[in-house]
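Chains as they are written, first to last, in the numbering used here: chain H, 1 to 113; chain X, 1001 to 1113.
Worth double-checking, as some hints may not be accurate.
As the list claims (entries may be wrong) - List of simulated lysine to any residue pairs, SDA-like, C-alpha gap at most 25 Å: (1) H:K3 <-> X:D1007; (2) H:K3 <-> X:T1038; (3) H:K105 <-> X:G1085; (4) X:K1011 <-> H:P40; (5) H:K3 <-> X:R1059; (6) H:K3 <-> X:S1058; (7) X:K1071 <-> X:G1085; (8) X:K1057 <-> X:D1007; (9) H:K69 <-> X:V1100; (10) H:K69 <-> H:P17; (11) X:K1071 <-> X:N1051; (12) H:K105 <-> X:H1010; (13) X:K1057 <-> X:G1042; (14) X:K1057 <-> H:Y46; (15) H:K69 <-> X:G1042; (16) H:K105 <-> X:Q1037; (17) H:K105 <-> X:T1101; (18) H:K105 <-> X:T1002; (19) X:K1011 <-> H:L39; (20) H:K105 <-> X:A1053; (21) H:K105 <-> X:V1112; (22) H:K105 <-> X:S1058; (23) X:K1071 <-> X:N1030; (24) X:K1057 <-> X:P1096; (25) H:K105 <-> X:L1060; (26) H:K105 <-> X:P1106; (27) H:K105 <-> X:R1009; (28) H:K105 <-> X:L1061.
These aren't lab readings, by the way, just hints derived from the structure by calculation.
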Amino acid sequence: DAKTTQPNSMESNEEEPVHLPCNHSTISGTDYIHWYRQLPSQGPEYVIHGLTSNVNNRMASLAIAEDRKSSTLILHRATLRDAAVYYCILRDVPRSGNTPLVFGKGTRLSVIA
Amino acid sequence: DTGVSQDPRHKITKRGQNVTFRCDPISEHNRLYWYRQTLGQGPEFLTYFQNEAQLEKSRLLSDRFSAERPKGSFSTLEIQRTEQGDSAMYLCASSPLRTVTQYFGPGTRLTVL
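Same shape as in the complex, but just chain H (with noise of 0.2 Å):
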């Protein structure tokens, strides 16, 4: 799986949105863009993925660029319990199927009251 960057931490204003990016110079034109975040002392959840277009859920929303090189998780109003780390993660899913996570170090996102 292609390697992802983002930045280690981050911080917002609670009811303020969140932009968090992460970059990925080398995604394939099969690499899916997944997100996980981890709360403080639980497991990661996951939040969202997309291949090309922008995606929306009740969670989140994910804008990718066009080249594909990059993308942008959108949390419209952070709130303190969303108050994680991100990981940005890229998985060739045609090709690999739901194989194994590969996860970097994420964003530490704080949020302020």
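Start from chain H and add chain X according to the hints.
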């Protein structure tokens, strides 16, 4: 609660002792994964099963580690002759065969004194 469960949640042991962890996946999930996470790092893949078959083992899984999933339901991870370097959070995840999302348990935190 129908999520992934792990037991125990915490384990403290002395160096040289054997420990065993259990993971109960979500019912009817074919795939089960074990990961290890040390402080400040993302989870690292150890091994995974499809039903009762162990499909892949990471190089991180030394000879002292063994995992089983005898009936394709729960799984156990055993560490023999524990070392201080084995201190970590051990995470279990499960997924259905044809979806990309993995569902994680809360983890077992191992401390080797």
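Cross-check of the supplied hints:
no., hint, in the structure
1, H:K3 <-> X:D1007, "violated (33 Å)"
2, H:K3 <-> X:T1038, "holds (20 Å)"
3, H:K105 <-> X:G1085, "holds (19 Å)"
4, X:K1011 <-> H:P40, "holds (18 Å)"
5, H:K3 <-> X:R1059, "holds (19 Å)"
6, H:K3 <-> X:S1058, "holds (18 Å)"
7, X:K1071 <-> X:G1085, "violated (31 Å)"
8, X:K1057 <-> X:D1007, "holds (22 Å)"
9, H:K69 <-> X:V1100, "holds (21 Å)"
10, H:K69 <-> H:P17, "holds (22 Å)"
11, X:K1071 <-> X:N1051, "holds (8 Å)"
12, H:K105 <-> X:H1010, "holds (23 Å)"
13, X:K1057 <-> X:G1042, "holds (18 Å)"
14, X:K1057 <-> H:Y46, "holds (23 Å)"
15, H:K69 <-> X:G1042, "holds (22 Å)"
16, H:K105 <-> X:Q1037, "holds (11 Å)"
17, H:K105 <-> X:T1101, "holds (19 Å)"
18, H:K105 <-> X:T1002, "violated (29 Å)"
19, X:K1011 <-> H:L39, "holds (21 Å)"
20, H:K105 <-> X:A1053, "violated (30 Å)"
21, H:K105 <-> X:V1112, "holds (24 Å)"
22, H:K105 <-> X:S1058, "holds (19 Å)"
23, X:K1071 <-> X:N1030, "holds (11 Å)"
24, X:K1057 <-> X:P1096, "holds (19 Å)"
25, H:K105 <-> X:L1060, "holds (18 Å)"
26, H:K105 <-> X:P1106, "holds (19 Å)"
27, H:K105 <-> X:R1009, "holds (23 Å)"
28, H:K105 <-> X:L1061, "holds (20 Å)"
The structure fails to meet hints 1, 7, 18 and 20 from the earlier list, while all remaining hints are met.
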